[in-house]
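Next come the chains, spelled out residue by residue.
Number of protein chains: 2
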Amino acid sequence: MLRRDRLFLAATLTAVFSADLYFILLPKLRSLGRPHSCSCGPGNLSLPRQGGLATPLLSNWTSVPLPDSATPEPADGGSKLEKLFAHTLYNIQTPSLGPEERLLQAEQLIEYYRRKVSRWERHMKLYSEAAAVANISVTEHEVTYDPDASWMKFHLGINRYALYSRDDPAVLQLLKDMQNMAVVSADYTQDEKALKGACDCTQVVKPSGHHLKLALKMKNFAKAMFKPMRQQRDEETPEDSFYFVDFQRHNAEIAAFHLDRILDFQRVPPVAGRLVNVTGEVLQVTHNEDLRAVFFTSPANNTCFFAKCLYVCKTEYAVCGRPDLLEGSLSAYLPGLSIAPRISIPNPWTRSYTFTGREEWEVNPFYCDTVKQLYPYNSGNRLLNIIDMSIFDFLTGNMDRHHYEIFTKFGDEGFLLHLDNARGFGKHSQDETSILAPLSQCCMIKRSTLLRLQLLARSEFRLSDVMRESLEGDPLRPVLTEPHLLALDRRLQKVLRVVQRCVRRLGEEEVITKDFIKATGKPQTATVGKRVR
Amino acid sequence: MLRRDRLFLAATLTAVFSADLYFILLPKLRSLGRPHSCSCGPGNLSLPRQGGLATPLLSNWTSVPLPDSATPEPADGGSKLEKLFAHTLYNIQTPSLGPEERLLQAEQLIEYYRRKVSRWERHMKLYSEAAAVANISVTEHEVTYDPDASWMKFHLGINRYALYSRDDPAVLQLLKDMQNMAVVSADYTQDEKALKGACDCTQVVKPSGHHLKLALKMKNFAKAMFKPMRQQRDEETPEDSFYFVDFQRHNAEIAAFHLDRILDFQRVPPVAGRLVNVTGEVLQVTHNEDLRAVFFTSPANNTCFFAKCLYVCKTEYAVCGRPDLLEGSLSAYLPGLSIAPRISIPNPWTRSYTFTGREEWEVNPFYCDTVKQLYPYNSGNRLLNIIDMSIFDFLTGNMDRHHYEIFTKFGDEGFLLHLDNARGFGKHSQDETSILAPLSQCCMIKRSTLLRLQLLARSEFRLSDVMRESLEGDPLRPVLTEPHLLALDRRLQKVLRVVQRCVRRLGEEEVITKDFIKATGKPQTATVGKRVR
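Just so you know, the sequences run in chain order E and H. Following full-length UniProt numbering, the numbering of the first sequence begins with 1 at its first residue and continues without gaps. Following full-length UniProt numbering, the numbering of the second sequence begins with 1 at its first residue and continues without gaps.
Just so you know, the hints here were simulated from the structure itself, not pulled from any lab data. Worth double-checking, as some hints may not be accurate.
If you want the footprint, here are the derived chain H segments under chain E, 3+ residues with CB under 8 Å [said to hold, decoys possible]:
no. : region
1   : 232-243
2   : 445-452
Okay, the calculated beta carbon distance ranges per label pair [claimed, not checked]:
no. : chain 1 : residue 1 : chain 2 : residue 2 : range
3   : H       : Arg-322   : E       : Lys-176   : 45 to 51 Å
4   : H       : Pro-475   : E       : Phe-366   : 40 to 46 Å
5   : E       : Thr-350   : H       : Asn-364   : 57 to 63 Å
6   : E       : Pro-238   : H       : Ser-434   : 51 to 57 Å
Some chain H residues flagged as far from chain E (calculated, every beta-carbon gap over 12 Å) [what the hints assert, rightly or not]:
no. : residue
7   : His-87
8   : Gln-93
9   : Glu-129
10  : Pro-169
11  : Lys-219
12  : Pro-299
13  : Thr-303
14  : Cys-320
15  : Arg-322
16  : Glu-360
17  : Glu-432
18  : Gly-473
19  : Glu-508
20  : Asp-515
Computed from a predicted structure; not experimentally measured. Even for Gly, the Cβ is constructed at its ideal location relative to N, Cα and C.
Sequences and hints are given; from them, build the entire structure.
Below you can see the structure in the form of structure tokens.
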């Protein structure tokens, strides 16, 4: 294991060195022969210059064109996304993984899958008999057992560094499967079932009638969470809405997956858009009588359904097809909790879910100092991961990150899952800088994250352009409206300015944490990742 | 009493004769000397011609200009509304009223008012002491005892024929008072209190979170029901919404009052628009802790509040000022039930308040024959009054008339109150002809109603024009958008076409019921009003 660590370290150092050579030294040489072309607009980061191989001169990052693209906008209209993903920074090799660094073992998952199939077959036999007696007609789809199914490969690919590798063909196939594959059953999610239709008037904010989501099972047993479209893409969240009662947006869920991939985090499970036939792909394939009971035909003759609990009383909360087709997001399920347990941990920067309450971080500017003392934020990368997450959430505008999840198997050094992103992209005209509190209060950021953000601030890789291009691949394109895409660029600049202010105050050394290393040690004895020059 | 009846009969006959002379004979004489100018557009009613003094030749009604206005559009741009109200049809004298025909006696109401004032004073004394102890600051407004208050006069003017007479200065003053007078207290309405915050999941449709209304008391003890603005005037009800979960619209409440007045029904209590300061005129003057508790400040720093029950859990249902000012409708309260009891009777043409249910009238085209056999629809004017109400509701597009109310004092011959009109004016682009079922299935209409509808179909008095002009007097102008105003004209034509089809099928004699008479007899022995030629 130690040997592998050393190999990884060497590979990483090589990559970092190449990146420095590529971006720092070469541009420097190029710029020697011509006048300084730095424009001083807000888009330019001008951190104090500090020399050194592994410390990029950040002021150059947004002003110097890449050697291989002399014009900021490629004249050939080539793919910015492809260029981005071909960039050195996006091609740092992952070390080969030992069994302990993979979430699941193949045998284990195949066994799990087999059990699922036989349980399904038993269930279908009983159900068909009961349905015949009760005179319920259910469309029966053939299911297939396919050990090469894309969802299996996705689950097997999850490791201690990320949910998937960006160019994994299995992930692309999984997206396609979620877009097209026949749905064999539909049901409420476990969350919804847990509510059991209970009304609780003392609950000020939850459950909200807006939590309308279903679990869909595909013919090869892939499972996806379906979040239906609740509002038009150009409808902004009303200014008086609290974030915790905001709609869940299917397009935010899709866009968040693409953004996470573009940031090279790979912490959001694959999400695809799909035009779901709510009659054929939900009503006629569900075996849940409760779910069947919430379907109705609207006065306009559209097929509609609403969620459980309070919502049973509320047609205002219903969603309707046109007449049966309804846009929605399909998020790939993670492996079941029985084989891949996760824990849910309160976000130290959680918000007060009341009308008037304020959390400590909102009133105490030195809150981070307290957090830094506390386990598990006092060692390892956890706090840096929280900061990554806050940047991600700030870019999407998601204020609803009350918890985060990690796989227990990877312990405290595991990456944070960025699940449930549907409350992003509600307002394009407003940047909620409070979401950045972890970054602005702690004044720390991973070097790898900062480098990628800086890359995405450059016109050659402009975040809005690569997002637009990436989202073009989704069947529900355009997933985001132009104002939302452009807001990403504006917010990215704001993130960089926060880093810039931190560096001015504390120095680069303090602020920009050298990562690209694998933290060592067991969860119980996690230590802060060593800085590498 | 009989004597007064006879006098009234004579007055009415004179009026009808004048109307006939004015509209039928004179235009006929005029049209003799020129080619037939009838255009055959959908706007023209062409009932089969039948001669006779009291049987207007309806085909002429919309094609022949009035003798006193040679051009359809007055060249002087004069007030169409004034001309309408100056019309003979709108100036049929009400008989002088005996005590039994008035809802209230002055002494009784004054006594009631005095008791209210002294109860208020006692309450305020106790409340101020308690508030001082609890450290609650409540704005105390001076109240005045004014036996000449406009609301007193309005209450005293209610009689067996109508809620008010159109040119009663007290009603105009009451509208002004509701628009401007200081609010001294605010509370939930009795309806809301009856819910007592109960959640009932078995209730599919009610209570809806959209029932957000408050009772406001003015400094002279006038009481008004405040319905706040829930949506913009140009937002149409979504096509998938059921009528029973539709928003209550403050502007519909205002517009319905004006329409009812223009139809000369006077069955809707006065309604005025007002920009209410929800902080100063609700929060700071309420003595109800529950109401105070539902106020909050939104993320956009606006003052918001929401309703009781389910809604306590639901900020989605909240309404917000900007930052404190909020548009709303103020509907004058009727006299308290203790002094003027009313009964609420199910509308025979009520709808099924479920997703799939259908009422008999929706499937049985001969439903009216059944209704006609049943008390109280088998005698008197009750069925004609229901038909009036259906025309009124069709014009506004209100599908939510499940009950109607009458004052018990006037028994079965009392007029129907058209209360609660906030579910009208939801869709301008759609005419819900099912609302007209009472008219189209029974094929009956009061002659007085038909004559006024025909008048309003003429360009000189075009309904949309007089409504626009009438609504101009409200502080929240424009109360209705142009598409909603124009929909009134289109719907009016549809009403007239339904009548026309009935007349073609059954003959004018059967369809157009001669009224303008006072039905005689006691409630128990009510008979169908005699037809008068």
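Outcome of the hint check:
By the rule of at least three residues with a Cβ nearer than 8 Å to a Cβ of chain E, the coverage given for the region 232-243 of chain H holds, with 5 such residues. Interface restraint, the region 445-452 of chain H with chain E: violated (0 residues with C-beta to C-beta distance below 8 Å; minimum three). Under the hint 45 to 51 Å, the C-beta atoms of H/Arg-322 and E/Lys-176, about 48 Å apart, fit the expected range. The hinted window of 40 to 46 Å between H/Pro-475 and E/Phe-366 is violated, with their beta carbons roughly 52 Å apart.
Our hint of 57 to 63 Å for E/Thr-350 and H/Asn-364 holds, since their Cβ atoms are close to 59 Å apart. Range check, E/Pro-238 to H/Ser-434: about 33 Å between beta-carbon atoms, so the 51 to 57 Å window is missed. With a closest Cβ-Cβ approach of about 39 Å to chain E, H/His-87 is found to remain outside the 12 Å limit, as its non-interface label requires. Non-interface status of H/Gln-93 relative to chain E is upheld: no Cβ of that chain comes within 12 Å, the nearest being about 45 Å off.
With a least beta-carbon separation of about 28 Å from chain E, H/Glu-129 lies farther than 12 Å from that chain, consistent with its non-interface assignment. With a minimum CB-CB distance of about 41 Å to chain E, H/Pro-169 clears the 12 Å threshold, and the non-interface call stands. Here H/Lys-219 stays apart from chain E, with its beta-carbon at least about 31 Å from theirs, past the 12 Å limit. Distance check for H/Pro-299 against chain E: the nearest CB is about 6 Å away, which does not clear 12 Å, and the non-interface claim fails.
The beta carbon of H/Thr-303 is not kept farther than 12 Å from every beta carbon of chain E, the shortest such distance being approximately 10 Å. In this structure H/Cys-320 is not separated from chain E by more than 12 Å, as the shortest Cβ-Cβ distance comes to only about 4 Å. The non-interface label for H/Arg-322 is inconsistent with chain E: the shortest C-beta to C-beta separation is roughly 9 Å, within 12 Å. Distance to chain E confirms H/Glu-360 as a non-interface residue, since its nearest Cβ pair spans about 19 Å, more than 12 Å.
Here H/Glu-432 does not stay apart from chain E, with its beta-carbon only about 9 Å from theirs, under the 12 Å limit. In this structure H/Gly-473 is separated from chain E by more than 12 Å, as the shortest Cβ-Cβ distance comes to about 31 Å. At the 12 Å boundary, the C-beta of H/Glu-508 stays outside the reach of chain E, the nearest C-beta of that chain being 35 Å off. With a least CB separation of 35 Å from chain E, H/Asp-515 remains clear of the 12 Å interface cut-off, as annotated.
This entry does not satisfy hints 2, 4, 6, 12, 13, 14, 15 and 17, going by the numbered hints stated previously.
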